[in-house]
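Listed here are the chains, written in short residue letters.
Number of protein chains: 2
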Amino acid sequence: MIPVAISDAPVEDFIPHGNIEVMRGLRHFIVENVRTARRFLKKCDREIDIDAITFYELNGHTDRNILPTLLEPLRKGEPMGMMSEAGCPGVADPGAEVARIAQAEGLRVIPLAGPSSILMSLMASGFNGQGFAFNGYLPIENDRRVKVIKELEARAYKHDMTQIFIETPYRNARFLEFLVATLRPSTLLSVASGLTDPQLESAVTLPVARWRSRSLAMDKTPAIFLISKP
Amino acid sequence: MIPVAISDAPVEDFIPHGNIEVMRGLRHFIVENVRTARRFLKKCDREIDIDAITFYELNGHTDRNILPTLLEPLRKGEPMGMMSEAGCPGVADPGAEVARIAQAEGLRVIPLAGPSSILMSLMASGFNGQGFAFNGYLPIENDRRVKVIKELEARAYKHDMTQIFIETPYRNARFLEFLVATLRPSTLLSVASGLTDPQLESAVTLPVARWRSRSLAMDKTPAIFLISKP
Numbered sequence: 001m002i003p004v005a006i007s008d009a010p011v012e013d014f015i016p017h018g019n020i021e022v023m024r025g026l027r028h029f030i031v032e033n034v035r036t037a038r039r040f041l042k043k044c045d046r047e048i049d050i051d052a053i054t055f056y057e058l059n060g061h062t063d064r065n066i067l068p069t070l071l072e073p074l075r076k077g078e079p080m081g082m083m084s085e086a087g088c089p090g091v092a093d094p095g096a097e098v099a100r101i102a103q104a105e106g107l108r109v110i111p112l113a114g115p116s117s118i119l120m121s122l123m124a125s126g127f128n129g130q131g132f133a134f135n136g137y138l139p140i141e142n143d144r145r146v147k148v149i150k151e152l153e154a155r156a157y158k159h160d161m162t163q164i165f166i167e168t169p170y171r172n173a174r175f176l177e178f179l180v181a182t183l184r185p186s187t188l189l190s191v192a193s194g195l196t197d198p199q200l201e202s203a204v205t206l207p208v209a210r211w212r213s214r215s216l217a218m219d220k221t222p223a224i225f226l227i228s229k230p
Numbered sequence: 001m002i003p004v005a006i007s008d009a010p011v012e013d014f015i016p017h018g019n020i021e022v023m024r025g026l027r028h029f030i031v032e033n034v035r036t037a038r039r040f041l042k043k044c045d046r047e048i049d050i051d052a053i054t055f056y057e058l059n060g061h062t063d064r065n066i067l068p069t070l071l072e073p074l075r076k077g078e079p080m081g082m083m084s085e086a087g088c089p090g091v092a093d094p095g096a097e098v099a100r101i102a103q104a105e106g107l108r109v110i111p112l113a114g115p116s117s118i119l120m121s122l123m124a125s126g127f128n129g130q131g132f133a134f135n136g137y138l139p140i141e142n143d144r145r146v147k148v149i150k151e152l153e154a155r156a157y158k159h160d161m162t163q164i165f166i167e168t169p170y171r172n173a174r175f176l177e178f179l180v181a182t183l184r185p186s187t188l189l190s191v192a193s194g195l196t197d198p199q200l201e202s203a204v205t206l207p208v209a210r211w212r213s214r215s216l217a218m219d220k221t222p223a224i225f226l227i228s229k230p
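Residue numbers (this note's numbering), protein chains in the order written: chain A, 1 to 230; chain B, 1 to 230.
Keep in mind that the hints were calculated from the coordinates and are not lab data.
All figures in this text were calculated on a predicted structure; none of them were measured in a lab.
Treat the hints with care, since some could be wrong.
Using 30 Å as the maximum straight-line C-alpha spacing, the simulated DSBU-like pairs for lysine-lysine come out as follows [said to hold, decoys possible]:
id, chain 1, residue 1, chain 2, residue 2
1, A, LYS158, A, LYS147
2, A, LYS76, A, LYS42
3, A, LYS150, B, LYS150
4, B, LYS147, A, LYS147
Restraint ranges, calculated between C-beta atoms of paired labels, are given here [unchecked claim]:
id, chain 1, residue 1, chain 2, residue 2, range
5, B, ALA173, A, ARG46, 41 to 51 Å
6, B, THR54, A, GLY60, 42 to 52 Å
7, B, ASP63, A, PRO139, 36 to 46 Å
Listed below are several chain A residues computed to face chain B (Cβ distance under 7 Å; list not exhaustive) [said to hold, decoys possible]:
id, residue
8, MET1
9, HIS17
10, GLY18
11, CYS88
12, GLY90
13, VAL91
14, ALA92
15, ALA99
16, PRO111
17, PRO115
18, SER116
19, MET123
20, GLN130
21, ALA133
22, GLY136
23, ALA203
Here a beta-carbon is modelled for each residue, glycine too, at the ideal position from N, C-alpha and C.
Please put together the full structure from these sequences, using the hints given.
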C-alpha cells in the first residue's frame, strides 16, 4: 500500500526514500488511475522502466466481480504495489476492497508511510487527535446534508470527537458558505488545503463566525474540513 | 508538526528527506520526550548540532498553564518543530493543545508527511477507509470497557464506520483475549503491530472467531486494533 503525491512539490519532500526503493522492485501495480501512476513513478525515479510494469486499473468504474483476479500475480508470489490517485491507498478509493480480499486469502499486506491529508490536516488543526472520525463526503441533497452536518456537530460536542469531511474541489467555496450558515457560530472550523506544497499549503482554524468574512481562494485545490467544539 | 519514527528501522525508510531538511533548519523543538527527540534527530542527521537546539518538553506531566509560553520563539518569528514520542504529533499526545493556541493566535502551523500507525493500519486492514473513527484508549474498568466496545461494534455495523483503538503494549495479549470474548464471532478484527519495521511488521485481518486460536507475540510492540462489519 503505497502513498502517492498530494501536490506537485518535489516527491522527496514528502515521500520517504524507502518507498522509492520498494517501488523500484515492483513489476505489478494496482492503481486508481494509470496515467497518474505512471507520472508519479517517473517523478520518483527517472530511470524507472515503465514499459516493464503491468498496471491494473481499479476505480469506481471497475467491475467489482473482477477484483479477485487483480491479485493473481501476488498469489504467484510476485509482489504488487497499490496506489491511489492521491495520498494513501485504501482510504478514499476502492483499494480497500482488494486489500480485504488479500487479507481474506492470507496474503501479506504491507502499508508504507507517506502523506495523508486527513492526518496532516488533523495535526495542524489543533483539534483533539485522541478521538476523531473521518466521514468522507457529505450527502449532496440539501436537507440530508444539513441533517448530517448537524449530527456530526452534535457528536463533536457530546463525545469531543473531531469530525473530518471532504468536498470535491470545485464545490469548496460553496461548501464553506454552507458550513458557515449551518454550524453554530462558536464551533471551531479548520480548513486545510494544498498540503505538502510550500506555495499553496494552508491550514487555518477559526470559529465559524470568523469564517463568515473569509472566502476561499481554493476552488481547484483539494481541501479537508474539520470541526471541533470550542 | 513533524512525524517521528514508529520503529527502529533506518529513518530514511519512512521519513521523507524533506522533513530532515526542515529539521536541520530548526533551533527550537517542542517535544513529548527530550531523550527520544534527541536520538531521533541524531538518527536523521548525524552532523546535527544538538547543543544548539533548545527543547521544550510537553507531555502529560506538563503544567497546562505554561503551554502558551512554549510558543514564545514562534511569536518572535523563530520557526519551531513539534514532535511526539512516536508517529504524528498532536494525535495521541498533548501537542494538539499547543497547535490550538498557535492557531488561535494566527501563527502558521505546517504539518509534514510521515508514518502514522493509525492510517497505515487502516490501509492494510482492507476495511472501509471512507468512514472511520479513531477512539484512542478504551476505558480500563471492565464493565465500562465492555459497554464501549459493544457500542463501537454497533457503530461499525450501523454506519459502516471502521472503529480504531489502541492499548498500551504490555496489555496487548490480554486485550486481544478481551476482544475475542466480547465481540461477535463474525466481526472482522484487524491487528497491526511493528509497522515500518521489516522484521516485526504484521497487519492481519481475521473474523473474531478465528483470532481465538491465535496468540499475539507482541507484548512489547505497540499495536493498533481495528474492527469492521463482515
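Please write out, lowest number first, the hints stated earlier that are contradicted by the structure.
none
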